[in-house]
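Q: Spelled out from the first residue to the last, the chains are:
2 protein chains.
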Amino acid sequence: MDWMHETIKQLPKGAFLMVKGNPMTIGWAQFGIIWGKKTFTVYVRESRYTHLLLADAGTFTVSVPEYGTMSEALAFCGTRSGRDVDKMRALSAGLFANRFGGQDGFAGCRYHIECRILFRQDLNEDRIEDKTLVDRYYADGDTHTMYVGEILGVTEEPE
Amino acid sequence: MDWMHETIKQLPKGAFLMVKGNPMTIGWAQFGIIWGKKTFTVYVRESRYTHLLLADAGTFTVSVPEYGTMSEALAFCGTRSGRDVDKMRALSAGLFANRFGGQDGFAGCRYHIECRILFRQDLNEDRIEDKTLVDRYYADGDTHTMYVGEILGVTEEPE
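If you read the protein sequences in the order shown, they are chains A and B. Using the working numbering, read the first sequence as starting at 82 and increasing by one per residue. Using the working numbering, read the second sequence as starting at 82 and increasing by one per residue.
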């Protein structure tokens, strides 16, 4: 289960949330157990192209780079929208074929965490108790939707 | 960060959610990073005494037993309500004094994860996409509230 430590360590530098071949850079996630299932949860703002892609997707995959690597691709995917550019093509990047029926991952990452969406709900920012977080993250009202995924499987990509 | 592996391993057997000296047995949790903070999230049904205690609490602590131990105490705290009985007294159990301003833990556990509540929101069971989960967990309409805590600190109890 080393992917847990690696994911927590790498997340502040970014990981790729993959939906329909489009990578979005994420820095937040949670994982654990809910409804008796191993879960991985991601958070996507309503304004994002990935939010639109998830609207009719039943799965997502999180691809976690080896710690400290792929920083240029993470920066690119965190600042450009899939509405305007085919990010994988622009990066000359390849897909890592899914093995558990989830989405294809971002090739070259260390771990690919394939998930089936169990639950999705908007976070109500009025319920945030630390108001400095509201000011910092929701000044423009761009809410996060939470997607709880059941972990279908985790693949460690061969080096 | 071994507490993560130990928590995931032990959770199906149970851990103690501590609020105001009252232990509730939990089998679900998630942890990770949200709003740039290390977080630990717990889920408590509206009917529970712990839900009432959390209503005017700003913190919680999760005490994780050594794998496979304390099964009697976990069973007791998972079937009795703090409304009816002082569980710690009934178990002749002691509190592990908090070190980071969170709640006191359940003495004798391996890890004590102290958290400050950042966010609380009811899970809307209508948004669960796997309807077998709705039948299994919400037939009586007893909703879960999600409490996202910032991890203030994790203490490994000396043996």
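Hints were generated in silico from the structure; no laboratory data involved. Misleading hints may appear alongside valid ones.
No copy labels: a pair is met if it fits in one copy or bridges any two.
[To be verified] PhoX-like cross-link-like pairs, simulated, lysine-lysine; straight-line CA separation at most 20 Å:
no.	residue 1	residue 2
1	K118	K101
2	K119	K94
3	K119	K101
4	K90	K212
5	K90	K101
6	K101	K212
7	K212	K94
8	K212	K118
9	K118	K90
10	K94	K118
11	K119	K212
Keep in mind it's a predicted model, so treat the numbers as computed, not measured.
Q: Are the hints correct? Go through all of them and say.
A: Against the structure, the hints:
no. : hint         : result
1   : K118 to K101 : neither (24 Å within a copy, 29 Å between copies)
2   : K119 to K94  : between (24 Å within a copy, 14 Å between copies)
3   : K119 to K101 : neither (23 Å within a copy, 29 Å between copies)
4   : K90 to K212  : neither (26 Å within a copy, 34 Å between copies)
5   : K90 to K101  : neither (26 Å within a copy, 32 Å between copies)
6   : K101 to K212 : neither (35 Å within a copy, 24 Å between copies)
7   : K212 to K94  : neither (25 Å within a copy, 36 Å between copies)
8   : K212 to K118 : between (32 Å within a copy, 14 Å between copies)
9   : K118 to K90  : between (23 Å within a copy, 13 Å between copies)
10  : K94 to K118  : between (27 Å within a copy, 14 Å between copies)
11  : K119 to K212 : between (31 Å within a copy, 17 Å between copies)
In terms of the numbered hints stated before, the structure departs from hints 1, 3, 4, 5, 6, 7, listed from lowest to highest.
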